[in-house]
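K.L.:
As a plain string of letters, each chain reads:
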Amino acid sequence: MPEKSTKQNFPYKCFYSEEDNEVFSFYRQGQAFRIPITEIDSKRNENKPAYFLEQIIDKDLGQMYLVNGKALIARSSS
Amino acid sequence: MDDEEHQLEPNIKKFKQFEELFKYLTRSKNVITQYPIVTCMITYNSKSAVTVTKKDDREYYVKMYDLGTYKQSFEEKIGGTPTSYIKLKEVEQNAAGDGFAIAYFDDGNFRIRTFGESTRSDADIAAEELDVNKELGLDNHTMPIDNFPDPFITCVFVSDELLFANLYHTPTRTHHSFVYNIKTRKVSSH
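One line per chain: the protein sequences are A and B, in this order. Each residue of the first sequence is one higher than the last, beginning at 2 in our numbering. Each residue of the second sequence is one higher than the last, beginning at 77 in our numbering.
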């Protein structure tokens with residue numbers, strides 16, 4: 002995890018996208034993992050890395066929903 | 077609490093002259109839970125409401141209530157021993173709404189429990205529960221945040237058989253993720 006991630010960080014919520022065959026996992030301190038699933042339709046993900054990690058916001062994330070597997074709606078606080 | 081006296085009704089008076097149109101669109105009934113609700117969800121098949129309730133830091137319950145009869149149809153206890161320290165927030169469900177999973181934390185130990193719509197014995201639960209620390213070779217030094225219910229582990233169904241889970245091991249500040257096959261009880265992609 003990046004340096005910004007402290008011991009108070011934790012995975013808040015994860016969502017599965019059938020369209021991308023990936024799980025999106027969002028951490029409290031704003032990190033987002035995209036993790037390709039290889040147990041289903043593995044050919045679709047054979048050229049992808051094991052995960053993608055991004056810092057999507059520099060504020061804390063709270064309650065969240067993923068709309069249509071594309072748009073994240075989340076509460077956030079500083 | 078008197079169930080009839082405290083019956084909640086939808087506030088349809090705000091619709092003024094259209095009140096009659098909305099009068100019979102909703103049904104409501106108070107269902108008193110034994111302990112405070114942490115989270116509540118409705119299954120995708122619209123048959124049940126599933127609650128996570130908390131007695132204290134050592135004991136949580138997952139219960140299901142039939143949305144037709146409002147009667148409790150399922151109950152399982154989480155923790156409840158003198159050494160338990162439980163963090164549990166949400167129940168995940170499969171696409172059909174008839175298979176469920178919880179990922180929870182018990183005093184440094186991460187666990188995954190999967191279940192259906194039938195209440196099981198403690199022995200059956202213990203036999204079927206996944207000990208994540210043992211499976212991934214992790215110590216039990218993770219410290220959660222006292223006032224937060226978050227267990228530092230979350231999961232989601234990717235199919236009826238496969239459950240994705242990820243956790244944060246705080247002593248090493250490491251993210252772990254894996255896929256758990258509910259039928260074969262095998263872990264992969266760690």
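Because the hints were derived from the structure by calculation, they are not lab data. Certain hints may be false.
Partial list, computed: chain B residues near chain A (C-beta under 8 Å) [said to hold, decoys possible]:
# : residue
1 : Glu204
2 : Asn223
3 : His251
4 : Val255
Don't be surprised by glycine CBs; every beta carbon is placed ideally from N, CA and C.
K.L.:
All hints are to be evaluated individually against the structure, with a verdict given for each.
P.N.:
How the hints compare with the structure:
For B/Glu204, the suggested interface contact is broken, since its CB lies about 20 Å from the closest CB of chain A, more than 8 Å. Because the closest C-beta pair between B/Asn223 and chain A is about 11 Å apart, greater than 8 Å, the hint is violated. Below 8 Å, beta-carbon pairs count as interface contacts, and B/His251 has one with chain A at about 6 Å; its hint therefore holds. This hint holds: B/Val255 has a C-beta 5 Å from the nearest C-beta of chain A, less than the 8 Å allowed.
When each numbered hint is compared with the structure, violations occur for hints 1, 2.
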